[in-house]
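Colleague: Between the sequences and the hints, there should be enough to build the whole structure, so can you do that?
Chains as they are written, first to last, in the working numbering: chain A, 53 to 348; chain F, 543 to 887; chain W, 6 to 519.
If you're looking for bench data, these hints aren't it; they were derived computationally from the structure.
Some hints could be false.
Stated by the list, open to error - List time: in silico PhoX-like cross-link candidates among lysine-lysine, alpha-carbon distance up to 20 Å:
(1) W:K126 <-> A:K218
(2) W:K496 <-> W:K288
(3) A:K343 <-> W:K496
(4) W:K338 <-> W:K326
What the hints assert, rightly or not - If we take Cβ atoms under 10 Å as the criterion, some of the chain F residues that face chain W in the derived model are:
(5) D674
(6) F739
(7) R743
(8) F744
(9) T745
(10) G747
(11) T753
(12) Q755
(13) G764
Here a beta-carbon is modelled for each residue, glycine too, at the ideal position from N, C-alpha and C.
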Amino acid sequence: MNIFIGLINGMISGATPILLAALGGTFTYYAGIFNIAMEGMMLGGAFFGVLGSYYFNSWPMGILCAIIGALLMALIFIVFTVFLKTDEFVTGIALNLFAVGATTYMLRQIFNVKGVFSNPGIIPIPHIDIPFIDKIPVLGDILSGQNLMVYVTVVVLLISVFAIYKTRFGLRLRAAGYNSPSLDSSGVRTSTMRIWSLVICGVLCGLAGAFLSLGYVTLFSENMTAGRGWISLAAVILVNGNPWGIALISLVFGFTDGLGLLLQKFLPNQFTSMVPYLATLVSLYFYSIQKRKKSI
Amino acid sequence: MRKKFVSGVLGIVVALGLGAVIMLIEGFNPITTYSALFSYSLGGFYPLTTTLRNSVPLILTGLSASIAFASGPVNLGQPGQLLIGALFATVGGLYIHLPAPLMIPLLIILAMIGGALWSGIAALMRRFFSMDEFITTLMLNMIADFFTYWAISYPFFDKTAYSPMTPQIDKAGWLPEFGNFNTNILVMVLVFVAVWFIFTRFTAGYEWRLTGQNSIFARLGGCKIDKNYVTVMLLTGALAGLAGGLVVMAGPHRFLKGLGANYAWDGVMIAMVANNDLIGTLLYGLFFSSLQTGAVGMELITAVPSEFIQVLQSVIVLVIVAGRGMLDIVLDKTQIKRKARERTA
Amino acid sequence: METIIEMKDMIKVFPPNVVALDSVSTDFRKGEIHAIVGENGAGKSTLMKVLYGLEPKNGGEILFHGQSVNFKDAGEAIAAGIGMVHQEILLIQEYTIWENIILGIEPVGFLGRINRVQARKNVQAKIDEFKFNLNLDDKIEDISVAARQKVEILKLLYRNVEVLILDEPTAVLTPQEIPQLFSELQRLRDNGKTILFISHHLDEVLALSDRITVMRKGKKIATVEARDTNKEDLAKMMVGRDVLFLSKREAKQPGAVVFAIKALTYIDGNKRKRLDDVNLQVKAGEIVGIAGVEGNGQFELVNSIMGLTRPTSGQILVNGKELIAADILERRKFVSFVSQDRSKMGAAVKASITENVMMTHHRLNKQFTHWNGALLDYRYSRQFTRKIEEQFGVSMGSMDNPFKSLSGGNQQKVILGRELLLDTPFLLLDQPTRGLDVGSIEYVHEIILKMRMQDRAILLISADLEELFRISDHIVVLNRGKIVADLATEKTNLEQVGYLMLEGKDKEDAKEIR
Chain A
53 MNIFIGLING MISGATPILL AALGGTFTYY AGIFNIAMEG MMLGGAFFGV
103 LGSYYFNSWP MGILCAIIGA LLMALIFIVF TVFLKTDEFV TGIALNLFAV
153 GATTYMLRQI FNVKGVFSNP GIIPIPHIDI PFIDKIPVLG DILSGQNLMV
203 YVTVVVLLIS VFAIYKTRFG LRLRAAGYNS PSLDSSGVRT STMRIWSLVI
253 CGVLCGLAGA FLSLGYVTLF SENMTAGRGW ISLAAVILVN GNPWGIALIS
303 LVFGFTDGLG LLLQKFLPNQ FTSMVPYLAT LVSLYFYSIQ KRKKSI
Chain F
543 MRKKFVSGVL GIVVALGLGA VIMLIEGFNP ITTYSALFSY SLGGFYPLTT
593 TLRNSVPLIL TGLSASIAFA SGPVNLGQPG QLLIGALFAT VGGLYIHLPA
643 PLMIPLLIIL AMIGGALWSG IAALMRRFFS MDEFITTLML NMIADFFTYW
693 AISYPFFDKT AYSPMTPQID KAGWLPEFGN FNTNILVMVL VFVAVWFIFT
743 RFTAGYEWRL TGQNSIFARL GGCKIDKNYV TVMLLTGALA GLAGGLVVMA
793 GPHRFLKGLG ANYAWDGVMI AMVANNDLIG TLLYGLFFSS LQTGAVGMEL
843 ITAVPSEFIQ VLQSVIVLVI VAGRGMLDIV LDKTQIKRKA RERTA
Chain W
6 METIIEMKDM IKVFPPNVVA LDSVSTDFRK GEIHAIVGEN GAGKSTLMKV
56 LYGLEPKNGG EILFHGQSVN FKDAGEAIAA GIGMVHQEIL LIQEYTIWEN
106 IILGIEPVGF LGRINRVQAR KNVQAKIDEF KFNLNLDDKI EDISVAARQK
156 VEILKLLYRN VEVLILDEPT AVLTPQEIPQ LFSELQRLRD NGKTILFISH
206 HLDEVLALSD RITVMRKGKK IATVEARDTN KEDLAKMMVG RDVLFLSKRE
256 AKQPGAVVFA IKALTYIDGN KRKRLDDVNL QVKAGEIVGI AGVEGNGQFE
306 LVNSIMGLTR PTSGQILVNG KELIAADILE RRKFVSFVSQ DRSKMGAAVK
356 ASITENVMMT HHRLNKQFTH WNGALLDYRY SRQFTRKIEE QFGVSMGSMD
406 NPFKSLSGGN QQKVILGREL LLDTPFLLLD QPTRGLDVGS IEYVHEIILK
456 MRMQDRAILL ISADLEELFR ISDHIVVLNR GKIVADLATE KTNLEQVGYL
506 MLEGKDKEDA KEIR
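Modeller: Put into structure tokens, the structure is as follows:
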């Protein structure tokens, strides 16, 4: 039973950053942007999260700084793709590399370390125990006691569904992706919707990064996002942007992350680390087969 | 042609300027920094040959990306293909013992096979399951990273070493050096010339290029799209694999953790900034190598951390690519204004 | 009637040096239906786009109700009271009619939540006011093209525009849907709206409008009252010379059957029959024209013939050879193909002219390569390009320039040159004169007729009924994937073919008159 609970909790922890980043990616997906910079935004968020938490000695400041860090990355993306009309693919790749370089550089310059910065002065985001619920056997250990960010993620998910499908913002956002000349001819600027979607993506990737460096673990290491941004991109594409589908897929990926930890008893840890990426390939396989059947 | 050159040079100048601004903010002197940087990479025989040697993996992975992007397949798997190519060359170098004139070509071929195998997996997944190679090559990168890590930690681990790495390969597989001039440069030049010929003068290259520009047009024209797709994926995988093999054969002569995967992403960036032009890739590859080679010296003399170069590189890419687009817009606007003035005059 | 819009000395230049509007001055009166006519490239679309704010002007002044205006985008124009319906329907396919109509001015409540009830009520009120026959919950992707056009118009009326601009409104309609549109437009005019429409169909323009403005090569030629002019005068003003509307085919005895399709059927992934037991024959020295509203199987037919898709059953034969299982290269030995969309299927626009011309020849003609097809012989390709330039009257700069540097007419000539110089018995031409000016169209027709005299078998797909009647020997009508009529051109007329295109049968009965 403990293994089971451990697995579920591992799944939730693994899924959280992917889900947040993927929700951010959903907004840009619907707006019609080919956004592959989630990896870079998350990394920026992770670094600035540690920076903020350490220097202000508080995790709320950490989260705030993480958001600002990711927003900076998003801002660069906005300036280049919306205003300078640079190719989104190139900008995304360059931004990811920029994020790696800049965070590594700042790690060196600000904290004077190479590789990893870990320090008791970094205040992590706390876990929340919900009274009453934590007394329920089994379910209590899952529903209560999760990191604050997990609960935030659930709220974000619900808000995202509402925003995208029920509000005027969502109607215009999706119109920007479906047919941007049409939206423009209706008097709403597509570029405005795209900028907003990137801002939202920045905020959400910032939260994802904060969870990575202040929740999942409490440190910053070079390139710690380790391809999670790519997995959330895969999630968005596989599910065609539906937030509920993304939640499901994120849980699946989080599960494989947790499964990997479990399997470490049997396999060398390099193979267990591969599991999420192999899982992505498998999902892509099923998705592609299904898509092919539809077109024939 | 001239537009390409101008926008490239202009972009570099602007980016170096931005770098100078960042340095000033941090309290460094841009002039001494840049002069230290370039003297360490271009000032003399030793720096030049070092820069040339370091440019080999950059140019080869850049070629891989350029050819792939220009022909259609979105092969972003150079990091993984480089690693697998390096692994194949290393394993061959550990267990096969032949005299050098045979050994070196053999290891080169093994490296190319390794890279082609890795990209071939993605190609097959696309051909048979319609799986987008954009995602599969990216996932395969991570998988290759972990796989090679395991390989050098367990089956091929050097028991006398303190960290994950293989023993050194047979000396016959070491690329000869003449002073500081490493023959990997010769290999790269040969490969570059061959690839350039194929891409621009051969029927195959013509079909690849036109397919990359308009695949339906090429298909209607009778080009065998599917066959060409696989060929390009294999070729570009082989190029990235070759880069990996040469890193091992010219450098540490063994596979260690952290072996040159960075080169591959830099190669992708180089392809983008060169807009998939082969000669542009070569030139930008040399330039980026000079930045990276000089970074160590820069840090020694002026204490600017060498990681700064990574930042500078991505800024250069962004500025040049953005600048290309802007140059077009500006040129068009001036032409419009001129014509309108003619009319009203 | 008062002047509602005045445009003075409008100038518009497109890079690199195309002068689309050359100091054009004109005015429009309130409550009139005003047509703007001209050939392709005359500047009529550009004039309206500049008025509407879709394109920035490079010179001149626009007065609306006497006030100087300069709309930066469509939103500003609509807010001022001018709305434009484009040729390509600009609606969101995935949304419903009411969602499309309220987009941009949605009634909202708490936290921006859309007030569905209010929105639907408002839209229904407008539908009833103008008596459009629309169901507001239908998705755009599910309704007819004519209905979509109505939604576009409704969208503008919903925003209370006074001036409606329509760009080639009849281009997407069948002959039978046009009168309905006309009566709706006349009703709107009688309600006080001003209607400007762009067209190059002179019969319609004369039937519908009050006044007509003629443009040619970026200049305004004249504005006339519709009742004071006729088709010949308008055509002369548009083209600058006397234009013949007659057929140019010489009599010719067709030869043996070259191309045949037997029982061709294609069922798509959604189990819809796109091609239904199609039977077709083209003889040597014959032009068979396929008429039909877009979307009735032409696309699938072309794809099946070329080998892009595999039909469910049936046969495709050239000179008796079965092609169904052949790959595209094999088919290209027998089929020359001019696609309907130059930049999508007919060329690689950024590549050089030479590189575009080489395609297919590089595989079928050994003279283009060395070493058994591996190495290209660029010199031979360049000679070949030169040959096309001379034979087809192409005006190009250097043959190394990108293909897109050529004008539309020259692009089409290059493509025709490439395709027709393939030594094939059968030509498949899909909208070969789409988007070309009258001069180029005539030239292309001459070339096609020459091919006919040289005993090639030609299958021509065209949305231009006049074109079909001018050059085809037989007209075949495609409706819902079925051939519903196969008529000798001399034995039929525009009205009959138009009816068949829409209804799928004759007014009396489905008859084969061959």
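Colleague: Are there hints from earlier that the structure breaks, and if so, what are their numbers?
Modeller: 3 and 5
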